[in-house]
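Protein chains in written order, with our numbering: chain A, 1 to 331; chain B, 1001 to 1331.
Hints are computed from structural coordinates only; laboratory data are not their basis.
Any given hint could turn out to be false.
[As the list claims (entries may be wrong)] Examples of chain B residues toward chain A, derived with CB under 7 Å:
hint: 1; residue: THR1149
hint: 2; residue: THR1182
hint: 3; residue: CYS1185
hint: 4; residue: THR1188
hint: 5; residue: CYS1201
hint: 6; residue: SER1229
hint: 7; residue: GLU1250
hint: 8; residue: SER1251
hint: 9; residue: ALA1262
hint: 10; residue: MET1264
hint: 11; residue: GLN1268
hint: 12; residue: LEU1272
[Said to hold, decoys possible] Beta-carbon label-pair distances, calculated as ranges:
hint: 13; chain 1: A; residue 1: ASP11; chain 2: B; residue 2: SER1078; range: 56 to 64 Å
hint: 14; chain 1: B; residue 1: GLU1039; chain 2: A; residue 2: LYS270; range: 55 to 63 Å
hint: 15; chain 1: B; residue 1: LYS1275; chain 2: A; residue 2: PHE217; range: 34 to 42 Å
hint: 16; chain 1: A; residue 1: PHE217; chain 2: B; residue 2: LYS1202; range: 38 to 46 Å
hint: 17; chain 1: A; residue 1: PRO72; chain 2: B; residue 2: GLU1151; range: 48 to 56 Å
hint: 18; chain 1: A; residue 1: PHE217; chain 2: B; residue 2: LYS1134; range: 24 to 32 Å
hint: 19; chain 1: B; residue 1: GLU1183; chain 2: A; residue 2: VAL135; range: 28 to 36 Å
All C-beta atoms in this analysis are idealised placements derived from N, C-alpha and C, irrespective of residue type, glycine included.
Listed below are the residues making up each chain.
Protein chains: 2
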Amino acid sequence: MKLIIDAMSGDKAPGEIILGGLLGGAEYRVNLIFCGDEERIKKELQLRPHGIKLSNIEILPANGVISMEDDPLSVLKSKKNSSMGAGLTALKEGRGDALLSAGNTGALLMGSTLLLKRIRGIKRAAIGSVLPAKVPTLLMDAGANVEVTPEFLLEFAIMGSVYMQRLYGLKSPRVGLLNNGTEACKGTPAHVEAYQLLQACKNIHFVGNIEGSMMPFGHCDVLVADGFSGNVCLKVLEGVGKYLFDSMKESLLSTPASRIGAMMAKRQFKQLKRKFSADEYGGAPLLGVSKPVIKAHGSSEALAIKHAVRQAKIFYETGVIEEILNLAKGV
Amino acid sequence: MKLIIDAMSGDKAPGEIILGGLLGGAEYRVNLIFCGDEERIKKELQLRPHGIKLSNIEILPANGVISMEDDPLSVLKSKKNSSMGAGLTALKEGRGDALLSAGNTGALLMGSTLLLKRIRGIKRAAIGSVLPAKVPTLLMDAGANVEVTPEFLLEFAIMGSVYMQRLYGLKSPRVGLLNNGTEACKGTPAHVEAYQLLQACKNIHFVGNIEGSMMPFGHCDVLVADGFSGNVCLKVLEGVGKYLFDSMKESLLSTPASRIGAMMAKRQFKQLKRKFSADEYGGAPLLGVSKPVIKAHGSSEALAIKHAVRQAKIFYETGVIEEILNLAKGV
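This is chain A alone, in the form it adopts within the complex (with noise of 0.2 Å):
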């Protein structure tokens, strides 16, 4: 398998974006190619760590890089050359089987959609991200389409499910519908349609509407939203989870016998802490495109690079895309 590598965008690119990039191509076996400033990559393969070969790396020169702050129809326009441009456009043409992205989530998700298409039968592509639950959970959609109608949410739990199945060896994902009450009657009309649609739909195992307050234990193992309150939620687990941390730290570090305490703890609070942390579970699979897309967070560093990196050889090697495609029909 070969996977492109935007390797420009993101915080700490390029440097953790290759290095994460090789780690995880050398332990996972997957050949890469890597988009972006020929001179500064070339610079960082270089400073590979020890034992970590060539042979299998490409490089793909491209110009520029597409900011946080960029329309998303940049990287169809004037950065189509970008490194994100040139990766997408490349996976178009087949020179790789998936891409891997750390970059502006919008131009992603828009440049997917427009140049290399959805899946034929499905009529939104949703960002699925995977919460650092009890269980992984993945939600879907993480914030691609703020409004929607009770069938794209049907869409994102088939398409969430095939994912499970795949990437985490679930038989059959349990699917649960993010809403303000567990009673089949609550939250908006497209909320109380989709209920019916879910639980008349014989691909999916439909669990029940799932409250916010019971998301981080483990209910169900595909969360379907909309894209804004699924975003709210996304967001609210990141921003809690980091206050928490922080205020911990601040009241722990208070007292001589608390500073003592934490020390003697400090092995289970960066369990914690770890368990919590995105990086552990790679990236956001774009799902309803027509080829593997991944996005990577913007923060990330080499470790979930790596893992990222294992995550697109399965999401490709699994047959995903094929079995969305086989289901959409039916739908």
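Since chain A is already given, all that's left is putting chain B on it; use the hints.
Quick look at chain B alone, frame taken from chain A:
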């Protein structure tokens, strides 16, 4: 001031409700009317802590209680004489100045809106919930209106602003809009339009869009939201807090060293947990209704009820409703 308390609603009613009411009534010099089963209320009053007098306490006998599963409309129909129904009627008739209930939110909201009526000029009542963030942040709406117009969101901002001025003594509360990005163009069409209305409104201090991840860090004093994503925000906050405290406890008990460490930092953990607990903040005001109504959390214990008594007193005595009425004329 005379506060009507629904003595029978809530997981720990009537015991904790009555105890909290008595403690709050004594400390903040508030006269009380307890609504509910006369015999049970009398029995609880006999068990009161030493030194609390009953001279300013009345009992309003009522039959039955509205459960969490009851249809909200039942408060006006089959369960009109329940503790909540009788309390609402007493408030309407002017037998008390404000109402406090830990019961079914939907029923309390519907009963308040239909029986007490909305403030003239206000189109929708909303549930304000004080989030345990770095600074107390009033979420408006926490779940009453799953679908909103830009005008509703503006009303929520104005009402929340008055409440935070009067209850927390803030001169010019900062108002933020819960959204999926900070740029003015983010969100649904209703959010985009609301951004413009909020920015143009002279009666509030609008500070822009607030993402979920910013929420805990004190960027605003009033967080305006549609009731659906507001509810997701509130409940994810609760759920993640509980999940992290549970995980930490489990993790800290896992080795002898970490157990000792946890013991040495016990006070800090307790402080943090308390800071993050809803009990410290009393209840959620129903804003937009013509009389002060406060919804306490269903799991409220005496301490939460005591705080809610104080809150009801300030809500009533600082003229929040009169000020909303004044401002609503100008909208």
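Which of the stated hints cannot be reconciled with the structure, identified by number in ascending sequence? The structure conflicts with hints 1, 2, 3, 5, 7, 15 and 17, although it agrees with all the remaining ones.
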